[in-house]
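Using the hints provided, position chain B relative to the given structure of chain A.
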Amino acid sequence: MYTETQIINNSNDELVINVGPQHPATHGVLHLVITLQGETIKKVEPHLGYIHRSIEKMCESLTYRQFICASSRMDYLSAHINNHACALTVEKGAQIEVPQRAQYIRVIMDELTRIASHELWWGAMAMDLGAFTPFFYAFREREVITEIMEETCGARLTMNYMVPGGVMTDIHPDFQKRVKEFIQLFKSKIDEYDDLVTNNIIFQNRTKGVGHLSKEDAISYGCTGAVARASGVSCDIRKLYPYDIYDKVTFNEILETAGDSFARYMIRMGEMRESIKIIEQLIDNIPEGDYQAKTKAVLKLPKGDFYTRVETARGELGVYIVSEGAATPYRIKFRSPGFSNLSALDQMARGGKIGDLMATMGTLDLVIPDIDR
Amino acid sequence: MVLLSFDWFLIIEKAILISIVIVASLVIAMYETWGERKVAAFIQDRIGPDRAGFGGILQPLADGMKLFMKEEIIPNSSNKFLFVMGPGLAMLTAMMTSAVIPWGGHLEIMGRTVPLQIADINIGILYVFGVVSLGVYGVMIGGWASNNKFSLMAALRGASQMISYELAMGLSLIALLMLTGTLSLRTIVEQQSTGHWNIWYQPLGFIIFFVCALAECNRTPFDLPEAESELNFGYHQEYSSMKLGFYLFAEYVNMFISCVIMATLFFGGYDIPFVNDAHLYDQIGNWAALAQVVCLMAKVIFGIFVFMWIRWTVPRFRYDQLMNLGWKGLIPLALANMVITAVVALLKYNNWHF
Chain A
65 MYTETQIINN SNDELVINVG PQHPATHGVL HLVITLQGET IKKVEPHLGY
115 IHRSIEKMCE SLTYRQFICA SSRMDYLSAH INNHACALTV EKGAQIEVPQ
165 RAQYIRVIMD ELTRIASHEL WWGAMAMDLG AFTPFFYAFR EREVITEIME
215 ETCGARLTMN YMVPGGVMTD IHPDFQKRVK EFIQLFKSKI DEYDDLVTNN
265 IIFQNRTKGV GHLSKEDAIS YGCTGAVARA SGVSCDIRKL YPYDIYDKVT
315 FNEILETAGD SFARYMIRMG EMRESIKIIE QLIDNIPEGD YQAKTKAVLK
365 LPKGDFYTRV ETARGELGVY IVSEGAATPY RIKFRSPGFS NLSALDQMAR
415 GGKIGDLMAT MGTLDLVIPD IDR
Chain B
22 MVLLSFDWFL IIEKAILISI VIVASLVIAM YETWGERKVA AFIQDRIGPD
72 RAGFGGILQP LADGMKLFMK EEIIPNSSNK FLFVMGPGLA MLTAMMTSAV
122 IPWGGHLEIM GRTVPLQIAD INIGILYVFG VVSLGVYGVM IGGWASNNKF
172 SLMAALRGAS QMISYELAMG LSLIALLMLT GTLSLRTIVE QQSTGHWNIW
222 YQPLGFIIFF VCALAECNRT PFDLPEAESE LNFGYHQEYS SMKLGFYLFA
272 EYVNMFISCV IMATLFFGGY DIPFVNDAHL YDQIGNWAAL AQVVCLMAKV
322 IFGIFVFMWI RWTVPRFRYD QLMNLGWKGL IPLALANMVI TAVVALLKYN
372 NWHF
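Protein chains in written order, with my numbering: chain A, 65 to 437; chain B, 22 to 375.
Looking at chain A on its own, in the form it has when it is part of the complex (with noise of 0.2 Å):
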């Protein structure tokens, strides 16, 4: 029978409820703990560790060219942005020098992946405020992206694409042809997001002044990405530290100060955009060459660490490889942005209502795998 005990836990009239793992919000196996005083959150208290599959370690048992394929499954959704995180890792430490064309294709493909993690992230977004049809719309466009990774990498969400030294394949003969209609058709599709789902007025009560983040919390929080960039914080590694021909390209940093959903929101609408810029600089520019550099066929690091950032879809992605001079790392860090962001969680939710929780679980993005790693 039912007990008073069962429902109210302690005398300050406080409820305690477990959103997750298994819950419609998390998107995964996030185990959030919340403490309620009637709709409003006292504390949340994530719990980790659901999908820890130990990547790192078994990096350390696969080779140089072997353990890129292992983060793919970090952050599934920008996959191919891992991989280059640790492809640069591995040229940066044997030095390997990387042929203009293969560095033209790995920038759109990461641009690519962009918008198609972006997209999925729209989708689930607008989900976890009730609207379904976006996410629909958002997989719809979604779907051609996936169809142009499967053309030229051969899979769809891991495409295990990176090498080091370049990519695996030189791109499709259709490859250009294709990239160009998806932009065609993507920026008459932003638009109707707009219309859908940014100018929606109950969208914008939902986020706007929600899971407000200030700009020193952000920072000392660690966080990076859309998250950071919301409140203020210029953090965009495409920018502040180039890599690959990301100099040569012109694209802007998106960049808000309100801190709250809305921002964070507002930017990867933006970069979204700023991802199709990209794009089109780039697509008709592909140099002939070489889509790989010639290689060793046992890569072996010099003793040492060596340090790479990149921006993924959801933040800065660090890769720390510690080597003995041996084919296979001696450890290996991932410094993955999902899991500083979660850590602001608390702070961004605490006072605001249930529905709030779920507006700011949104926009951080958060992909579970790449927190647990």
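Everything labelled a hint here was simulated from the structure, so no lab data went into it. This structure is a prediction, so every number in the text was calculated from the model and none was measured. Treat the hints with care, as some may be off.
[What the hints assert, rightly or not] Cβ-to-Cβ under 10 Å is the rule here; a few derived chain A residues that face chain B:
| no. | residue |
| --- | --- |
| 1 | L79 |
| 2 | P88 |
| 3 | A89 |
| 4 | V93 |
| 5 | E103 |
| 6 | F196 |
| 7 | F199 |
| 8 | F200 |
| 9 | N264 |
| 10 | I265 |
| 11 | N269 |
| 12 | I418 |
| 13 | M422 |
| 14 | A423 |
In this text, a Cβ means the ideal position worked out from N, Cα and C, and glycines have one as well.
Chain B in isolation, oriented as in the chain A frame:
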């Protein structure tokens, strides 16, 4: 002799009518689920159910069969009596409203005039309101008896939401009743014949009523009690099998009934637009009544489509925003509408010209 003094024809006639109405509302609720999936598919650029039967026409039967075959789970820690009562109550209150709705004019059968209405009581609207406000118990009891924190919160949300929006709904109708001067639904429909629909006289009242009807049916953007991304489908989280089916079914029956009431009060009920109904009766007799039923259904189906259209377009409100809209937005508006209507009616009926 006592038995002979009963009007047996009346009893048979009402029994047939009641069974037709109940079966019809259940079938319509069934096909609303199919319609909802088709409308959602249309809006979301998909095909929707198309496997069972032509165009997925048998899908509701398959869904119902699936629900019947599912294992019935009653949580150990739940209050079993109330747990079973919740969905039953939701279904009961959803079905009861249809008793006072005039579905059409009247039929002439064997010299008798048979009105297409189960009971033409002179407090029709009050009865509807009474039954609708009982509907909250289905949500509350089900949510509370589940002994689940999410369900409990959903039950609280549902209770406060439905009670708040009933107020605005009632106030918006008072203005309408000032114009009609009657509570009987059949009289209200008859007053609206030949195009004098109440929507032309009460546009603001209609908008308030429509928003409240959305909230009463727990439809998006007011689906907070079952907010799946916040409360895991809320009050029916612990339900399975046909008990869950009853809750879902009750929602669709509610939606059907609120569209019928909306059509009756504001869109002339069974009045056929651009046609003189009395004249039509002289010409084609009973077929005119049938045409009226079809006309009412067309209005209702359009209303249901608008409900679905809204559901698949907008996100949901936050709980406090919902309460603000109800108490600070709709209730003052409904009051203002009431005062304006009262002043206009006073001037008109007393022939005071300014």
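Evaluated hints:
1. L79: With Cβ-Cβ at 6 Å, under 10 Å, it holds.
2. P88: 5 Å, holds
3. A89: Because about 4 Å separates A89(A) from the closest Cβ in chain B, which is inside the 10 Å limit, the hint holds.
4. V93: 15 Å, violated
5. E103: 5 Å, holds
6. F196: 6 Å, holds
7. F199: Since the shortest Cβ distance to chain B is 8 Å, the answer is holds.
8. F200: Check passed: Cβ of F200(A) comes within 4 Å of chain B, closer than 10 Å.
9. N264: OK, holds: N264(A) within 10 Å of chain B, min 6 Å.
10. I265: 9 Å, holds
11. N269: 6 Å, holds
12. I418: 5 Å, holds
13. M422: 5 Å, holds
14. A423: Interface hint status for A423(A): holds (8 Å vs cutoff 10 Å).
Hint compliance for this structure: hint 4 alone is broken.
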